[in-house]
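Peer 1: Sequence:
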Amino acid sequence: MADAARSIIVICEAAADQRTACGIVDRILSQSVDWMQPEVLDALREWRGLTKSEPFLAWKNLHARADAANIHINGLFGGEPGAPDAFIARRALALLTTQGERNIDAVLLLRDSDMDTRRYKGLEQARAQTSGLGPIIIGVAHPKREAWVLAGFHAATDDERSRLEALRRALGFDPRLHAEDLTAAKHGAKRDAKRVLSELTQGDHQREVVCWTEAPLEQLEARGKGTGLADFIQEVRERLVPLWTGRPATQQD
Numbered sequence: 001m002a003d004a005a006r007s008i009i010v011i012c013e014a015a016a017d018q019r020t021a022c023g024i025v026d027r028i029l030s031q032s033v034d035w036m037q038p039e040v041l042d043a044l045r046e047w048r049g050l051t052k053s054e055p056f057l058a059w060k061n062l063h064a065r066a067d068a069a070n071i072h073i074n075g076l077f078g079g080e081p082g083a084p085d086a087f088i089a090r091r092a093l094a095l096l097t098t099q100g101e102r103n104i105d106a107v108l109l110l111r112d113s114d115m116d117t118r119r120y121k122g123l124e125q126a127r128a129q130t131s132g133l134g135p136i137i138i139g140v141a142h143p144k145r146e147a148w149v150l151a152g153f154h155a156a157t158d159d160e161r162s163r164l165e166a167l168r169r170a171l172g173f174d175p176r177l178h179a180e181d182l183t184a185a186k187h188g189a190k191r192d193a194k195r196v197l198s199e200l201t202q203g204d205h206q207r208e209v210v211c212w213t214e215a216p217l218e219q220l221e222a223r224g225k226g227t228g229l230a231d232f233i234q235e236v237r238e239r240l241v242p243l244w245t246g247r248p249a250t251q252q253d
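Following the numbering used here, the numbering of the sequence shown begins with 1 at its first residue and continues without gaps.
Hints should not be assumed to be uniformly reliable.
For lysine-lysine, the following BS3-like pairs were computed, each having C-alpha atoms within a straight-line distance of at most 27 angstroms [said to hold, decoys possible]:
(1) Lys-225 <-> Lys-121
(2) Lys-121 <-> Lys-60
(3) Lys-186 <-> Lys-60
(4) Lys-225 <-> Lys-186
Since the hints were derived computationally from the structure, they do not count as laboratory data.
Put together the whole structure using the sequences plus the hints.
Peer 2: Okay, structure coming up:
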């Protein structure tokens, strides 16, 4: 068993992104490492921002914080121009190496694609240019975080089953299975992922939490192939789990 909590920096857009992604990571750790049960997780890993007093580091604050630290990034990425988010992610990782409190064991880079799937490449480019921070895990929710939550929704009451069926008819597909098709950019539009999730959960935050904390991981992975969730789960198994086990996790671990 580890002697102290592993320190994992989370870079994301908002608190909801941190809660969802970190909650899924905790479930993978508990499944993959037999002694990492939920009741002892807080003693074995900590989520933080640039400092331990911050729960995460927000993308919207990164340019200002990097400017204050006189961190500037120029040039190509492996001989290629930077894809979307490559430069800001590279600045973020450089900020961690120069300004962050020490003992950084891993980093989570979490982002909504917002319909620009090139963001994943940009984050990969930044990761490839960085060393000394431990494993860097990328999670890009396509088109946004709510798509990951929808993958775990199971209609538990007659009212929920009625709402789900009405949405199926209106959308022409099951939003739990094809959340990547919820591509509307306008808030409240028929195919807005936020609207669809809110309709299913009636805006109940705790009902939303149940989706990612109780649905089988195998279900989240199977339904999340088009939304980036399956890729994120695989990255956690391959890159983060070895901090405790020394080897990548398999789905059966």
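Peer 1: All hints, please: hold or fail.
Peer 2: Consistency of the hints with the structure:
1. Lys-225 <-> Lys-121: holds, 17 angstroms
2. Lys-121 <-> Lys-60: holds, 20 angstroms
3. Lys-186 <-> Lys-60: Between Lys-186 and Lys-60 the Cα gap is close to 21 angstroms, so the pair holds against 27 angstroms.
4. Lys-225 <-> Lys-186: Holds - the C-alpha atoms of Lys-186 and Lys-225 are around 24 angstroms apart, at most 27 angstroms.
Checked against the numbered hints listed earlier, the structure breaks none of them; every hint is satisfied.
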